[in-house]
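2 protein chains.
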Amino acid sequence: MLELETERTELLEKIEDLLERKQYAQLRDLLLPLEAQDIAVLCGELDDRVPLVFRLLPKEQAAEVFVELDSDEQELLIRSFSNTELKEVLDELYLDDTVDIVEEMPAGVVKRILQHSDPETRKSINEILKYPEDSAGSIMTTEFVDLKETMTVEDALKRIRRTGPDKETINICYVIDDRRHLLGYLSIRTLLLSEEDDIIGEIMDTNVISANTLDDQEDVAQTLNKYDFLALPVVDTENRLVGIVTVDDAMDVLQEEATEDIEKMAAILPGDKPYLKTGVIETWKARTPWLMLLMLSATFTGMILTHFENSLAAVPVLTSYIPMLSGTGGNSGTQASTAVIRALSLGEVRFGDLLRVVWKECRVALVCGLCLAIANFAKMMAVDRWLLGNPSVTPAVAAVVCSTLVGTVACAKLVGASLPILAEKIGFDPAVMASPFISTIVDALSLLIYFRFAIWILGI
Amino acid sequence: MLELETERTELLEKIEDLLERKQYAQLRDLLLPLEAQDIAVLCGELDDRVPLVFRLLPKEQAAEVFVELDSDEQELLIRSFSNTELKEVLDELYLDDTVDIVEEMPAGVVKRILQHSDPETRKSINEILKYPEDSAGSIMTTEFVDLKETMTVEDALKRIRRTGPDKETINICYVIDDRRHLLGYLSIRTLLLSEEDDIIGEIMDTNVISANTLDDQEDVAQTLNKYDFLALPVVDTENRLVGIVTVDDAMDVLQEEATEDIEKMAAILPGDKPYLKTGVIETWKARTPWLMLLMLSATFTGMILTHFENSLAAVPVLTSYIPMLSGTGGNSGTQASTAVIRALSLGEVRFGDLLRVVWKECRVALVCGLCLAIANFAKMMAVDRWLLGNPSVTPAVAAVVCSTLVGTVACAKLVGASLPILAEKIGFDPAVMASPFISTIVDALSLLIYFRFAIWILGI
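Just so you know, the protein sequences line up as chains U and S, in that order. Quick note: the first sequence uses my numbering, first residue 84, plus one each step. Quick note: the second sequence uses my numbering, first residue 84, plus one each step.
Here chain U stands alone, though its shape is the one from the complex (with noise of 0.2 Å):
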């Protein structure tokens, strides 16, 4: 494991000093022991020497480094092989992993790779390149070891020795009729703790659970890991088993995910790019149409503001504490709408618990509120007033800002909890209505709500 940064300086040191002096033989021995992940990495920074080093790996080491490239640099090999050469990695590829690559390519790149694919894997290219961006169908891949309900244990494990070598996994088979439909699975360990002539069908498991070619890929990857499954079969609408999803894959697209919704929380249009791979130009265009958006909407805001000029102008002070108040609203309603959106997308909340959240973030609210302004009340007696020695500030107006930030947390855990829920029910992203949504919109409401109790209290 390449953990520290000094080991991946010193080791690519190594192998620039090797390349330079032509050790071809040397630089072979000391990439060999590593993982092709780490190869990987060290290729990022070897630029236009990476198919150099690439063609010094074994063959199958090789297939395994391609897959965990980067786009540009798995583009810039394939236009360096030679026919003979793309079809020996093309050979080794799982048929996913192929599937990925191709959905990267420019068109020319896809044509050469589907001319080299033997028909077999072609079809299959072809028929998964089909089915929706995001859904199990585009993740899933067709090598897994399908066994029929007659055979024995004996026969079973013939065929797996016969066929796992290009099977994804062989830890879960899947039984299937001569119409390929899918009647149970059973595992590796069941099949070595069977007798020899077990009879399949009287040892599978028949309660089998099954995503179909259409359905989100976050949803199978969540099924995946609530019932601890290695692998996940995929049916169409007949039931008819043409896949299964890997634990591998599903952990991925749950880490993709996570990011999804993290970015879309802070107002970032998700990519799919690693931080620093993304260009300047790409960042901007993710982050410039909401910060546009939330920005103009700030108008309101502003014409709240100066609807109540005449009474800012009468008391001076409140001006000073409307930062700390649209701060303190925004921050409440960040914290319930996170907790909100996760719970719902980790399947924890869903639209028919809308009446038992409000309810518990109205008591939180409430415990909350009371807290912030028993501490702001003490604080602007104690600083503002007595140590900063700024006397308009009067307990009147602290009385003001106070019952303020009660009315303002309340309302914004109410809107923060609230609006994911309602959002999804509606078929929004629920990600969306996040923080910086929802802080705008508390700004607005904690105004008109600061200028009603001045006006009130201060009777200005």
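You may find that some hints are simply not true.
Identical copies go unnamed one by one, so any copy, or any two together, can satisfy a pair.
With a Cα cut of at most 27 Å, we get these calculated DSS-like pairs of lysine-lysine [as the list claims (entries may be wrong)]: (1) LYS194 / LYS170; (2) LYS250 / LYS97; (3) LYS508 / LYS356; (4) LYS170 / LYS213; (5) LYS360 / LYS309; (6) LYS231 / LYS241; (7) LYS360 / LYS508; (8) LYS250 / LYS194; (9) LYS462 / LYS105; (10) LYS250 / LYS309; (11) LYS142 / LYS194; (12) LYS97 / LYS309; (13) LYS105 / LYS142; (14) LYS142 / LYS206; (15) LYS309 / LYS142.
Since the hints were derived computationally from the structure, they do not count as laboratory data.
Model the placement of chain S on the given structure of chain U, informed by the hints.
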């Protein structure tokens, strides 16, 4: 898969009806084909009838359901168990699940569990309990398949058939010497695809990636995910194999850590219970500390506003743009900090990348800031001055607001991107340096910039 709420409600009604009519045989038949995770969810609604339902299940399924229950339901069940029943359930559990349960139970219950475990298990539980929370040791299981170098494939398969039923996984087997040093590993696939008289020492993979018992559980999960492993061996300081972490537990860790990061970014102290299971007081305790701290730190923005009270009195319209400026600053900072925090937690960015990150954010900030400033200038002239007919919105005022926008976005992006990296370097949690914290700093900075430009351009 009990996807739909309606399906779950229907099933629950059927169960309650059967319970009422004491149709236990029928109830058992209804539950048998369900997955343990789904039965556990249903149990959550059955309250004190859980022990009754639980006793209907066959031993193995009962144990599977038991693991999936909430800890208070587990406690209720354990208290209702006879000693024999407790022993039966414990015998069926995997060691890491038992440890998880023991960690959540009050002392009296723990004592009873330990009394009814066999001596071997008791010793293992006590050892795992010694590892710090969130370490690899605390989430590992000691039930793995170990093989000797000198065995043949036939010996190994025999050993797996004999000891397999009690192991958490047989998909990956570990090769150790007489003193339990980890020498290599092989997958069940390698075993099955080899000849019966092949020697384990010759076919095993000796490039083992392992974790140390004290490694952070998040690092372990990331490593498993990175290399697409089904399990990762855990060794002590002398490279002796003490346990393994399996992919299902790693997936849970990644989900939990993502939730924790999201909570911290929203200024919530992370908890370990689902949203609806967390009480009002607990939620209040998790949310108030940061709210309070951020509220009090807004004193600085208040002081800045008080200091420039006369400037605001001279050009009152300036006040109405404060919320927009602080909102945009906060949002810009949030975008940068969130992107960097997620990249840090996925291992895409390290401290050494600080300058690259800052350079990237500088350029993004410039383009973003200019875009926003131009749009805002147009909006202030067209909407605020012309449409809303506010004559005090002069081009000079718009120039002040728009210059401040550029400066604020630049500050926000720089502070937002660099603080998390610096925090990680000095051993702080970068996620805490997120949205609310950054906003508070940026609020103060943006006001200082605002008044600086107001003094320069408007000469007040």
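So, going through the hints one by one against the coordinates:
Within a single copy, LYS194 and LYS170 get their C-alpha atoms as close as 13 Å, which meets the 27 Å cut-off; across copies the closest is 63 Å, which misses it. For the homomeric pair LYS250 and LYS97, neither the shortest alpha-carbon distance inside one copy (36 Å) nor that between copies (42 Å) is at most 27 Å. Within a single copy, LYS508 and LYS356 get their C-alpha atoms only as close as 30 Å, which misses the 27 Å cut-off; across copies the closest is 24 Å, which meets it. In this assembly of identical chains, the alpha carbons of LYS170 and LYS213 lie at most 27 Å apart only when taken from the same copy (23 Å versus 53 Å across copies).
Taking the closest pair of Cα atoms, LYS360 and LYS309 come within 27 Å of each other only across two copies (18 Å); inside a single copy the shortest separation is 33 Å, beyond that limit. Taking the shortest alpha-carbon separations for LYS231 and LYS241, both the intra-copy value of 13 Å and the inter-copy value of 26 Å come in at or below 27 Å. Taking the shortest alpha-carbon separations for LYS360 and LYS508, only the inter-copy value of 22 Å comes in at or below 27 Å, while the best intra-copy value is 35 Å. Taking CA atoms no more than 27 Å apart as the test, LYS250 paired with LYS194 passes inside one copy only; the shortest distance there is 25 Å, against 47 Å between copies.
Taking identical chains as interchangeable, the C-alpha atoms of LYS462 and LYS105 are never at most 27 Å apart, the minima being 71 Å within one chain and 63 Å between chains. In the homo-oligomer, the alpha carbons of LYS250 and LYS309 lie at most 27 Å apart both inside one protomer (24 Å) and across protomers (20 Å), since each shortest distance falls under that limit. Proximity of LYS142 to LYS194 under the C-alpha cut-off of 27 Å is restricted to the intra-copy arrangement: shortest distance 23 Å within a copy versus 56 Å between copies. Proximity of LYS97 and LYS309 under a CA criterion of 27 Å is satisfied inter-copy only: 24 Å between copies versus 44 Å inside one chain copy.
For the homomeric pair LYS105 and LYS142, the shortest alpha-carbon distance inside one copy (21 Å) is at most 27 Å, but the shortest distance between copies (65 Å) is not. Taking the closest pair of Cα atoms, LYS142 and LYS206 come within 27 Å of each other only inside a single copy of the chain (24 Å); across copies the shortest separation is 47 Å, beyond that limit. Within a single copy, LYS309 and LYS142 get their C-alpha atoms only as close as 37 Å, which misses the 27 Å cut-off; across copies the closest is 21 Å, which meets it.
Of the numbered hints stated above, those contradicted by the structure are hints 2, 9, listed in ascending order.
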